[in-house]
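Enquirer: Using my numbering, you'd call the opening residue of the sequence shown number 30 and step up by one each time.
Watch out, some of these pointers could steer you wrong.
Between beta-carbon pairs, the in silico distance windows are [what the hints assert, rightly or not]:
no., residue 1, residue 2, range
1, 153, 289, 12 to 22 Å
2, 65, 423, 27 to 37 Å
3, 425, 302, 20 to 30 Å
4, 414, 201, 49 to 59 Å
5, 352, 400, 30 to 40 Å
6, 122, 306, 30 to 40 Å
7, 324, 129, 40 to 50 Å
8, 122, 301, 17 to 27 Å
9, 153, 400, 17 to 27 Å
10, 349, 309, 33 to 43 Å
11, 129, 420, 24 to 34 Å
Bear in mind the hints are in silico, worked out from the structure with no lab data behind them.
Just so you know, even glycine gets a beta-carbon here, dropped at the ideal spot from N, CA and C.
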Amino acid sequence: MEPWTILLICLLVLGLSTPLWSSIGLLRLVGEWQNRTKPRQLAVKVDPAIRPAEVAVLIAAHNEELVIKATIETAATLVPAHNIHVISDGSTDATAQIAGRAGVNVLELSPNRGKAGALAAGMEYYDLAGNYKAVLLLDADTRLAPDYLATGLPLFNDPEVVAVAGRARSLRDRWKQGAVGRVLLAYRERLYTIVQLLLKYGQAARPANVVTIVPGFASMYRTSVLADIDVDAPGLLIEDFNMTFEIHAKRLGRIDFHPSAAIAYTQDPDNFHDYVRQIRRWSLGFWQTVRRHGLHLGRFWAALLLHIVELITASVVLVLVIPALLAGALLDVVILRPQDVLLGILLPDYLLTVITACVLRRPGLLLLGLVFPLVRLIDATVCLVTAVQAWTRKTSGVWISPARRLQPS
Numbered sequence: 030m031e032p033w034t035i036l037l038i039c040l041l042v043l044g045l046s047t048p049l050w051s052s053i054g055l056l057r058l059v060g061e062w063q064n065r066t067k068p069r070q071l072a073v074k075v076d077p078a079i080r081p082a083e084v085a086v087l088i089a090a091h092n093e094e095l096v097i098k099a100t101i102e103t104a105a106t107l108v109p110a111h112n113i114h115v116i117s118d119g120s121t122d123a124t125a126q127i128a129g130r131a132g133v134n135v136l137e138l139s140p141n142r143g144k145a146g147a148l149a150a151g152m153e154y155y156d157l158a159g160n161y162k163a164v165l166l167l168d169a170d171t172r173l174a175p176d177y178l179a180t181g182l183p184l185f186n187d188p189e190v191v192a193v194a195g196r197a198r199s200l201r202d203r204w205k206q207g208a209v210g211r212v213l214l215a216y217r218e219r220l221y222t223i224v225q226l227l228l229k230y231g232q233a234a235r236p237a238n239v240v241t242i243v244p245g246f247a248s249m250y251r252t253s254v255l256a257d258i259d260v261d262a263p264g265l266l267i268e269d270f271n272m273t274f275e276i277h278a279k280r281l282g283r284i285d286f287h288p289s290a291a292i293a294y295t296q297d298p299d300n301f302h303d304y305v306r307q308i309r310r311w312s313l314g315f316w317q318t319v320r321r322h323g324l325h326l327g328r329f330w331a332a333l334l335l336h337i338v339e340l341i342t343a344s345v346v347l348v349l350v351i352p353a354l355l356a357g358a359l360l361d362v363v364i365l366r367p368q369d370v371l372l373g374i375l376l377p378d379y380l381l382t383v384i385t386a387c388v389l390r391r392p393g394l395l396l397l398g399l400v401f402p403l404v405r406l407i408d409a410t411v412c413l414v415t416a417v418q419a420w421t422r423k424t425s426g427v428w429i430s431p432a433r434r435l436q437p438s
């Protein structure tokens with residue numbers, strides 16, 4: 030194949046979005062450096078428009094007894110305990126009792142309504158919009174960084190900002206994982222790093238405002254916009270994509286994100302079963318949200334269309350690589366050469382691992398990164414399957430929590 034064909038394969042797999050938003054992010058970084066407007070600098074020299082005492086923490090939890098105590102304890106170091114609201118959504122374990130002993134507000138729901146239903150119930154029951162200026166949506170397995178609010182709240186000083194997307198980091202267990210677990214956790218850390226640094230940072234630039242998701246694991250909203258967001262939209266498996274699309278569709282304001290602000294750590298799956306179940310939930314929830322909202326005119330919708338096209342094309346290419354190589358060998362024709370796969374897919378993919386290893390200063394990722402393309406193949410397969418299921422199957426938001434790992438408090 031010609032070099033142009035290899036370049037085409039590379040573009041189909043990596044897309045145009047990465048260089049586009051990385052360039053915009055670089056321009057944003059230069060502007061922040063010149064004006065000294067990074068979140069940690071703002072936290073020192075500018076009083077936040079919203080103070081920690083004016084922030085409600087809302088945790089929807091379903092059978093989270095292994096992790097809920099540590100999550101509450103980290104949140105209680107940032108806000109008063111009475112600002113924390115745990116919604117035990119049909120839990121059959123000790124989730125509600127543990128939260129109650131921690132001195133926070135606890136609302137028990139039965140039967141299981143799903144995360145979106147639990148969040149909506151908590152917002153209404155505790156009148157969060159009337160009692161607080163901002164709400165921090167927090168997963169039951171999330172640990173907040175000590176400066177989460179100190180760096181995140183100054184972003185609300187811009188009156189146009191209605192949501193601050195938290196930066197996700199993978200929570201590293203203190204004990205050693207098995208080989209599969211280490212690969213899955215390392216791959217997820219790479220995903221977080223690449224998406225947030227090379228894509229979301231540029232997408233959140235003021236002129237752009239095309240952030241695709243305000244992740245529900247640890248993000249903040251102005252309570253003044255909650256009434257305009259359909260939190261518990263029917264037929265959706267997850268809520269965070271929909272809440273983000275609602276902001277764009279109703280032109281409620283700007284979504285901000287900064288890699289050094291509002292950092293939190295989440296417990297990612299360390300086994301194949303839970304990993305596939307989680308990415309299926311995420312992917313199906315995304316396609317369901319696209320189906321619900323459709324596409325409209327505007328920057329966000331144009332960026333979303335580009336993302337969808339790249340997502341589908343990259344998934345198709347990855348899924349067809351191995352069959353193409355095998356078919357070429359069996360038929361004795363050149364469909365795709367091994368060197369084309371190496372130069373067009375494997376090396377560009379490994380470059381993402383190198384970038385992540387440098388940013389996180391984790392050289393161990395360089396070895397694990399050799400098998401990341403196999404995990405991407407799983408992601409691609411799930412993406413294509415759920416894209417069909419979103420238009421052919423109905424789902425409810427009722428959830429089953431993944432297997433949790435006990436985290437020391």
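Enquirer: For each hint, tell me whether it holds in the structure or not.
Expert: To see whether the hints hold, each was checked on the structure:
no.	hint	verdict
1	153 x 289: 12 to 22 Å	violated, 34 Å
2	65 x 423: 27 to 37 Å	violated, 51 Å
3	425 x 302: 20 to 30 Å	holds, 21 Å
4	414 x 201: 49 to 59 Å	violated, 30 Å
5	352 x 400: 30 to 40 Å	violated, 20 Å
6	122 x 306: 30 to 40 Å	violated, 19 Å
7	324 x 129: 40 to 50 Å	holds, 45 Å
8	122 x 301: 17 to 27 Å	holds, 24 Å
9	153 x 400: 17 to 27 Å	violated, 46 Å
10	349 x 309: 33 to 43 Å	violated, 21 Å
11	129 x 420: 24 to 34 Å	violated, 43 Å
Violated hints, listed in ascending order, are 1, 2, 4, 5, 6, 9, 10, 11; each of the other numbered hints is respected by the structure.
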